[in-house]
Structure formats: C-alpha cells, structure tokens
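*Asks:* Single-letter residue listing:
2 protein chains.
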Amino acid sequence: MLDFTYVNPTKILFGAGSIGRLGAEIPANARVLITYGGGSAERNGTLAEVEAGLAGRFLSRFGGIEPNPTSETLMRAVEQARREQIDFLVAVGGGSVTDGTKFIAAAIPFDGEPWDILARQAPVTQAIPLAAVVTLPATGSESNAFAVISRAETHDKLAFSSPLLYPRVAVLDPACTFSLPPRQIANGIVDAFVHVIEQYLTYPVEAPLQDRLAESILLTLIEVGPKTLANPTALAPRATLVWSATLALNGLIAAGVPQDWATHMIGHELTALYGLDHGRTLAIILPALLEERRTAKHDKLVQYGRRVWGLSGPDEAVIDQAIAQTRAFFESLGVATRLSAVGLGGETPDQVARRLTDHGLTALGERQDIDPDRVAAILRRAL
Amino acid sequence: MLDFTYVNPTKILFGAGSIGRLGAEIPANARVLITYGGGSAERNGTLAEVEAGLAGRFLSRFGGIEPNPTSETLMRAVEQARREQIDFLVAVGGGSVTDGTKFIAAAIPFDGEPWDILARQAPVTQAIPLAAVVTLPATGSESNAFAVISRAETHDKLAFSSPLLYPRVAVLDPACTFSLPPRQIANGIVDAFVHVIEQYLTYPVEAPLQDRLAESILLTLIEVGPKTLANPTALAPRATLVWSATLALNGLIAAGVPQDWATHMIGHELTALYGLDHGRTLAIILPALLEERRTAKHDKLVQYGRRVWGLSGPDEAVIDQAIAQTRAFFESLGVATRLSAVGLGGETPDQVARRLTDHGLTALGERQDIDPDRVAAILRRAL
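In the order they appear, the protein sequences are chains H and E. Residue numbering for the first sequence follows my numbering, starting at 160 and increasing by one per position. Residue numbering for the second sequence follows my numbering, starting at 160 and increasing by one per position.
Quick caveat, the hints were computed from the structure, so don't treat them as lab data. None of the hints are false.
No copy is singled out in the list; a pair is fine if it fits within one copy or between any two copies.
In silico SDA-like cross-links for lysine to any residue, where the CA-CA straight-line distance does not exceed 25 angstroms:
| no. | residue 1 | residue 2 |
| --- | --- | --- |
| 1 | Lys386 | Arg465 |
| 2 | Lys386 | Glu365 |
| 3 | Lys386 | Arg466 |
| 4 | Lys386 | Trp468 |
| 5 | Lys386 | Tyr362 |
| 6 | Lys386 | Glu490 |
| 7 | Lys386 | Leu161 |
Work out the full structure, taking the sequences as your base and the hints as a guide.
*Replies:* Structure, rendered in structure tokens:
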C-alpha cells in the first residue's frame, strides 16, 4: 500500500426528503446563489423544493449551465454573484452543474483571470462554500474536490481541484433522478464504472482492501446498472447506483493505490473536439486502452477478470474475456464503444494526440508512460 | 437501503513518517496535552517523536490511561488540562487511550458532573479538539465519534458519542504497531472483524454495495490477520490491518443499513464484571449469538457463509459451517471462544443479564428484541 492523506469533509444527506434537511446545514443569514442546468430541475420541481428549504435567506438563481460547462457561461454567474454579494452556492444538477459551481466558487474571490485556475493551475486560496443537490448520479462531484471546465472559444476541457471545493453538504435523494432520460443514466453508470477502473486497474501494490472495495463498486454497478435502466422508478437499484457513483470518486478507493486517469484525459479531448458526451468517450476509450496496455496492466487485468467477471482459465484468455465483457457491458447499456459508431474516423487519433500535446498532457497513465503516440495507438484500436 | 446522514471529517495521515506530518495540522499556538497509556509509547519512542513534531507549543503529558479507561483516571487528566489551560489533545495509543481522550475532551468544558455524559447520556455541546496517533489497530476510534468509558467504583462500562469528538487528525503509521504483543494484535483483528459483523450481519435491506464493502473488510481481515500475526514486522499486511480496522468503524459501512451491536453491549458487561479483554469478550459472544439468532439473521448468515467463507450447499448447512468457521478463525488467532476457557462458569449468564437490566439495556440487537433472558440464553451457549 502507498502512503496517503485522506479526508472527505462533505456531509451526505441521503434518501427520501433529504432536500428538506438542506436548510439546517446552511447559515440562516447566507446570501445564496442556486445554480442549475438546462431547466429540468426547474420543471420537475426540485428547484422549488430547494428554495422552499432555504426560505428566509436572500436567494438568487443562475440557470443554463451546460453539459461540459464553459468558463464563458460560468463567468456570467461569477459576475452575478459578485454583484449580489453571494456567500453560499447551491448547485442543483449533475456533475456539470456541480463542477461549474466549483469554478464559480473559486472564481468569485479570485484575484486575476479565473481561467488561469485551469490553464495555469493557479492555486485556489479562497472559495465560496457550496452545497450540491444531485439530480444525476455519475461524477461523484458532490463529494470531491475536482472539477472539469471547458472553454468554448478554444475547445479546451481542463481539470482542477482544491480542498476548498469539497461541497459542505451533498443532498442525494434517489427519487430526484427518476425522471432522467435513459441515455443520461447509462452515461452515469459508465462514468462511475470507469472512475473505479482508473483507481483500480493499474498495478498491484499489496493493497488487498482497496482492491476489494473497488471490486465491490464494480460488481454492484454491473448488478444494479441494468436493473435501474430497466426500472427507472424502482427505488432500491437507483439508490444503490447513486451511492455507488458517489463512492466511486470520493477519494476513498484512491487512498493508498496508484491511479491511471488516461481514459479521462483522452476523453476530455474527444468531448472538447467533437462534443461527445463524457460517458460515451470513456466507453470508447477504455476497452481500447486496456488492449493497448495489457502488458503493463497484466496482473490487475487478470485479477479484474477473475474477481469482477468471474472468469477462469489461463491468464491471457482471462484478459481477452475481461476486456470483451467490459465492452459488452457498456454496449448492453446502450453506450457505443467504437469511434466509428459515433461518426468519427481515421483522422481522430492524430487530432486528439496533437491536442494533448498542446495541453502539455504528454505523460499519462499510472506510470506516466502514455505519450501522444501511444494515445494515437489507443484510439486506432477504438476505430 | 435505509436513509442516512454520513460525514467523517477526520483527516487520515497514513504511512511511514506520518507522525512527522502531525505538526502541520495543529495550531502553532496550541496548548497541547499528550495522553497515553501504560508507557509503551514512551519506551518505543513514539511519544518523543510526537513531541518533536509539535515543538514550539506548550506541551504537557498525561500517562497511565488504562485498558477500559476509567473515569477516575480520566478526571485527573481533566483537572490537569483545566489547570494548564489545554486547548488541544493528542492521544497516543490504541482505542482505550483515544476513547479516554474523547471523554477528557468532552469533560474539560462540561458544566456539571462529567460522568453524566455516560450515565445519563447528557449532551456534549462543547469539546476540546483532539488528534489520535494510533499505536494499536482495532477500535477505529481514531476516526469515529464514539467512546466507551468505565467506572471502576461501580464496574460500569458505558458508551457515548458526539459529532464534536471526531479526531481532527488521525496518524496511522503501521510501523508504530510492530512492537505490539501478539495477544493485542489478535484482539484487534477480532475487534475489527466483529465491528464489521455488527453492521453487516443483520437483515437484508437491498443494500448490495454496503454488503460488499463489509464483506471486503471481512475477507481482508481473514487474509491478512494470520499473516500479520506470523510476521509482525512485515509492512504490507500490517498496513492493511491498520486501514481495515479504521474503515471497519468509521461510519461508512453503517450508512444505510441496520446495525446490531448486541455482541458489544454484552461484551462490555463481561469486561466490566470480570476484567476480560474487550476483543476476547467478542470472540466468546459472537458465535453463541449467531447460533441463538440464526432464524432472525437467516438470510444474512447464508450470504455471509457463501460470500465470506466460500461455502456451498443447503442454507442450514451453510449457516452451521459459517458459525463454525467464525469460531475457528478466532481460535486460529489464539483467541478463545468459550467462557469456560477464560475460567467463567454457569453463574455468568444470569449475572450479565442482571447488569444489562441495571443499565437499562434490555432491548438489544438490530430489532431491539434481545432482552436479558435472551442474553442469558446466548451466554449459556457460550459456556
């Protein structure tokens, strides 16, 4: 096991009616900006419920945060928040809204050009406190310190983090997610699954507990993912999906083990260049990356195949099958696993490799040995 | 899954040299009381290392906190801390020292008789902040809000908790535990194992993720427990034991599921009456409790047998074997599982049942249906 520091200060309010418990967690005199996305939170009543729970405080709204939230949009929220002297943010939405709200939280008090937080990794020394009301289980952003922000003008999609950006409170009411379209649920299952893989499928470091915890989340997603897609208003599988997505990226399973994240880094470029849904980029890249990296990841691939997919037989056959089962799982959720299936062709590998070079992301993976040529090779396997 | 609230604000510093990282987490002007037990922390240099890391602050020591810490001893620390205007506590030890330090933290600012915090469950409205340097992996106290305190005068052993009592920081350096005697390591393995069982082996609530997380810790303890006993200075298995013991009782696996705790409640009385080690009481009670409760716990006993012990066959045979394997596991660690093995006889069941009645603990277990007669029946099975 590697040495680590781990803390996660987010308070989770989980279950039916948990929105009603949010008010008690936010100062009575707070000036609150409620952030949200395309309007589904408005239409399905979640926004009104949040506002009712915060009654008595100065409340303001900022809607229209898009999937892959852009600094262009978010800076308008920053201006509004500064004008209204906002001192607490409540994100109502999925990972895009929560990520975007983290950027807003860091940008409000930032001295300088806030895009530098992404482009130059300028340190975040202050942030407005935030809470997250989750309407889409996927990213775990409601209980971590990470955010991924895009810049429309330049087609950039970059990540940042700061311990100041853990939401103080996360509200997880599974019933709030019942009205989501199947495509978004499927994307969320893939996203959570790949989050676990990025922290698990690297190389062994004698960390059997972390391995089993990661496998627990994978096995659970494989079990409940299809169930919750088939029965979108059944509470038990949806509740388990929601909690699985949070635990997939709240820092716990990362503590003490190597991490990969190449699939995500490559995926961000695919989204920025071609507008693909985040979850869909992961489903395309991961199986190809596992094929390209089967030697470097040999031991963990075998363990993954045996324990998660219940495979037996010689190691190499287990690896073949494990990758095939991973691909089949994504496809079974209705998520394509080939670039060709989303209309992308032979020019894509080199385009993505160039963009990673432009962003200085030239040494990806758990051993920092995935250079842009290797990225192109991965993407050629994904054609 | 049941609704829940979950937060754990303790910052974990894990690994070699983590004591050296403690100083950065404690205010530079803090007035610190360092609490410890029988002196092993003094002899093996851990105490000196902690003090070196906190240099520049007012530092004071209070040693001699005993296993099953008593309010009589702890109140002397409270007096010292009040006299010295202590505003930060650092516990260096195992669960007894950390639990005792939580009592000290709550008692220092307490207005009234501090024992009422245990005897009358008087609410804790203030507490001095504390950190925990773990020298014995077992109780998880370094990252939870619970404490169990005894009163020598009356042979009471009672529990309390408050969210104010989460240690701010927990230092977990596995090498600090290398010099422990095998008996204490074995007790710690049993304690952590039974902590998981108390939160897992109840009745199903469609919480497959929580079940798998709990099973992960059980499987890992079964794997590394014997290894770390056989090789007390091998880092990897010890590190995994230490992290397993923390995760066994940091609130995570309890989130969203029923909890039992009857084994612990009965065990506390055995310790208070006869002075048995805490871990040893659990090893005696648990197999007997599982036998007595095999109908109420039927479904989870079958799942436990199949998934944790890899058993197959008809349900009732799986349950028989699961209980037998649990007993055999404890015995393999050198921990007896019968009252007779520790010199206790036929009068014990009724004595313990009476004490629970005296303490108002007359409705134990996940369904609150274990009354004192049932406790006596459990203990007769443990003779």
